[in-house]
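Chemist: The lines below spell out each chain.
There are 2 protein chains.
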Amino acid sequence: MKYPVVGMVGGGQLARMTHQASIGLGITFRVLAQTPDDSAAQVARHVHLGDHRDLDALRAFAAECDVVTFDHEHVPAAHLRALRAEGVVVRPGPDALVHAQDKGLMRERLTRAGVPCPRWRHVATAGDVAAFAEEVGWPVVLKARRGGYDGKGVWVVPSSEEARRLVEEATARKIRLIAEEKVEFTRELAALVARSPHGQGVAYPVVETVQVDGVCREVIAPAPGLDPEHAAAAQQAALKIAGELDVTGVLAVELFDTPAGVLVNELAMRPHNSGHWTIEGARTSQFEQHLRAVLDLPLGDPSLTAPYVVMANVLGLDEPDIYGGYEHCMARDPGLKIHMYGKEVRPGRKIGHVTVLGDDLEDVRERARHAAAYLRGEIT
Amino acid sequence: MKYPVVGMVGGGQLARMTHQASIGLGITFRVLAQTPDDSAAQVARHVHLGDHRDLDALRAFAAECDVVTFDHEHVPAAHLRALRAEGVVVRPGPDALVHAQDKGLMRERLTRAGVPCPRWRHVATAGDVAAFAEEVGWPVVLKARRGGYDGKGVWVVPSSEEARRLVEEATARKIRLIAEEKVEFTRELAALVARSPHGQGVAYPVVETVQVDGVCREVIAPAPGLDPEHAAAAQQAALKIAGELDVTGVLAVELFDTPAGVLVNELAMRPHNSGHWTIEGARTSQFEQHLRAVLDLPLGDPSLTAPYVVMANVLGLDEPDIYGGYEHCMARDPGLKIHMYGKEVRPGRKIGHVTVLGDDLEDVRERARHAAAYLRGEIT
Chain A
1 MKYPVVGMVG GGQLARMTHQ ASIGLGITFR VLAQTPDDSA AQVARHVHLG DHRDLDALRA
61 FAAECDVVTF DHEHVPAAHL RALRAEGVVV RPGPDALVHA QDKGLMRERL TRAGVPCPRW
121 RHVATAGDVA AFAEEVGWPV VLKARRGGYD GKGVWVVPSS EEARRLVEEA TARKIRLIAE
181 EKVEFTRELA ALVARSPHGQ GVAYPVVETV QVDGVCREVI APAPGLDPEH AAAAQQAALK
241 IAGELDVTGV LAVELFDTPA GVLVNELAMR PHNSGHWTIE GARTSQFEQH LRAVLDLPLG
301 DPSLTAPYVV MANVLGLDEP DIYGGYEHCM ARDPGLKIHM YGKEVRPGRK IGHVTVLGDD
361 LEDVRERARH AAAYLRGEIT
Chain B
1 MKYPVVGMVG GGQLARMTHQ ASIGLGITFR VLAQTPDDSA AQVARHVHLG DHRDLDALRA
61 FAAECDVVTF DHEHVPAAHL RALRAEGVVV RPGPDALVHA QDKGLMRERL TRAGVPCPRW
121 RHVATAGDVA AFAEEVGWPV VLKARRGGYD GKGVWVVPSS EEARRLVEEA TARKIRLIAE
181 EKVEFTRELA ALVARSPHGQ GVAYPVVETV QVDGVCREVI APAPGLDPEH AAAAQQAALK
241 IAGELDVTGV LAVELFDTPA GVLVNELAMR PHNSGHWTIE GARTSQFEQH LRAVLDLPLG
301 DPSLTAPYVV MANVLGLDEP DIYGGYEHCM ARDPGLKIHM YGKEVRPGRK IGHVTVLGDD
361 LEDVRERARH AAAYLRGEIT
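Here the protein sequences come in this chain order: A and B. Counting along the first sequence from 1, when you hit position 223 you're at 223 in UniProt numbering, and nothing is skipped either side. Counting along the second sequence from 1, when you hit position 312 you're at 312 in UniProt numbering, and nothing is skipped either side.
The following block holds chain A by itself, in its conformation from the complex (with noise of 0.2 Å):
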């Protein structure tokens, strides 16, 4: 059989949700986990153990793979260009991949090709931050050029007092810093898109994110209300990023709505939990979308199977046995689609998501958050 083999490094729920979808295509998928209890490495067959760091590691995978692409954006740039230049297919490459991994250097190329972005500086003192705010007003967003998700290696920096601490702390640990401003935004947006190395593109319907304390807690397909010029600057931002960039696979873009336009908050490279709700809310699924992407398959279409669609993470809190709440759940609810990803619990961690579809968003958005809620035990 010439069914081609996937392999993903990272074995983390994206991975999990990936193998899901690459058993209906009949390819063969490959994951590289850390231990034999990832996430995904608890459901797939082809499991390799090995660090994405270690090159020797990257290469043995890769020695098995027609395609290697990623759960996350941790593997060093310099050993997939050692790769590529070893003949492997690495997808997204390297060249694009960089710019997920680094800040800084994504709002450079960003702001290079015209995309609507916050007003940002590369910033070394605290002299530099002082001066940015002289422009933009306090308080002002430092973050981490590198290694930041879910809020961490991000700070909203009221004061030059608060800079001088912080830019102290991050030179001692060699953590290299840019500021934005603090953008005066109505509510976050995410735009994913994919894209061949034929050149094919795609767009979602520009879903609504709802963060707390910089986690995302809930995604809405579509925006409702959003404006369609945003909506489509949306899109066209994502795609043109992809097209900028070169991106193979799914890119997700994060994006603030202003009364002014969307600006682009950041980039993944890669199946994204603003992304989730298409596993049953669009005909093609974003895991699906980015191993088609991936193997220079034509794309699937991404349109809606419903008016709406919530999607609710489950955080993990303090009730250890999730699965107690599914009798409940889905008793109370027999339209919803639970989707947990065999995680220990642990507070704040994402273990888990549900998604409803519907006409009616309130009745939609209950529903969801409602299980989302059972289900971590912050409700009984």
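Possibly wrong hints are sitting among the right ones.
Which copy is meant is left open, because identical chains are indistinguishable; a pair holds if it fits in one copy or across any two.
Derived lysine to aspartate or glutamate pairs resembling EDC-like cross-links, with alpha carbons at most 16 Å apart [unchecked claim]:
id: 1; residue 1: LYS182; residue 2: GLU366
id: 2; residue 1: LYS2; residue 2: ASP321
id: 3; residue 1: LYS182; residue 2: GLU134
id: 4; residue 1: LYS2; residue 2: GLU327
id: 5; residue 1: LYS2; residue 2: ASP37
id: 6; residue 1: LYS152; residue 2: ASP213
id: 7; residue 1: LYS2; residue 2: GLU344
id: 8; residue 1: LYS240; residue 2: ASP360
id: 9; residue 1: LYS2; residue 2: ASP318
id: 10; residue 1: LYS2; residue 2: GLU319
These are computed hints drawn from the structure, not numbers from a lab.
Fit chain B to the supplied structure of chain A, relying on the hints for placement.
Modeler: This is chain B only, laid out in the frame that chain A set:
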């Protein structure tokens, strides 16, 4: 973590797709396969190798599972009774499953329960067949009580000479037979239901199945233009059978539609080919539903996600490179859903299926047929 372990005996495509559904539920799924290349064994983490006719293999497998269920009907009922006596939770249980294994027992039981069936008779001699034909007319249908599927073990017998030849051959091979009238049906239907141990039942919309040479080619959901009384009768018959036989899990009932009403043809107590459309076409797939049922969780919403859903089987022909057809099929139809089973291509073998959803039945049917024909190499 307190997630349960479901074990499925049999490593075919039904187990493969049940594994896919198990991933979202977060439960642990184990497969008892005959070889590591079995369809489900290619994609699942927990694969046990062993023969389903070997009680020790079953026992060792069951020891690792909270619930044991099946991808086929071929486990000897005596083995299941032995397991149950040892405390293994077997769903469906042997007293139900035996009716999917033995068409003679099935007919006896359904007749006793008042479920409409074709006229039938146990037959041991050519004289028995001729006497039955006196009542119902030639041709009659002879069926092996055990082991038939996809048209195998079923013979349409035009005359007493042919009956004599068949009965002699069956007697020599120790195959017990029943005779049935050859029903003048307008089309074939399937009613899929699920039932849980605590007695909850759900019924999917009744579908039309299109058979060619005894093998299912296409399934249309819902059955177009079906008399609502016939649809209700089919669902009621299936729910009644599930209750009378104490079925747990999915029950598929194949029926003949006739001007006078529906008649039950065959039963299967597991996810079934006539329900593959539910993966995208129903809010709850038959595979998730089967898992929920055998775990005694509340059952899921069986309703349609589109006005029409058509599933077409991809049957092996002479084209071994199925993946080579993906580019054409995906480019022609971005909404097409492909499901391949990882099976070697052999003529007539079910190696995958495709599903298309939409508002316009003729369009949906043409798209599904085209893709299935293209993938198998019937058209190029």
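Chemist: Does each hint hold? Answer for all of them.
Modeler: Here's how the hints hold up against the structure:
1. LYS182 / GLU366: neither (31 Å within a copy, 54 Å between copies)
2. LYS2 / ASP321: Between copies only: 6 Å across, 43 Å inside.
3. LYS182 / GLU134: Result: close within a single copy only, 13 Å intra versus 90 Å inter.
4. LYS2 / GLU327: between (43 Å within a copy, 14 Å between copies)
5. LYS2 / ASP37: between (30 Å within a copy, 15 Å between copies)
6. LYS152 / ASP213: This pair counts as within: shortest intra-copy Cα distance 10 Å, inter-copy 62 Å.
7. LYS2 / GLU344: Classified as between; 11 Å across copies, 38 Å inside a copy.
8. LYS240 / ASP360: neither (33 Å within a copy, 35 Å between copies)
9. LYS2 / ASP318: between (48 Å within a copy, 15 Å between copies)
10. LYS2 / GLU319: Only across copies: LYS2 and GLU319 sit 12 Å apart there, 46 Å inside one copy, limit 16 Å.
In this structure, the earlier hints numbered 1 and 8 are contradicted, and the remaining ones agree with it.
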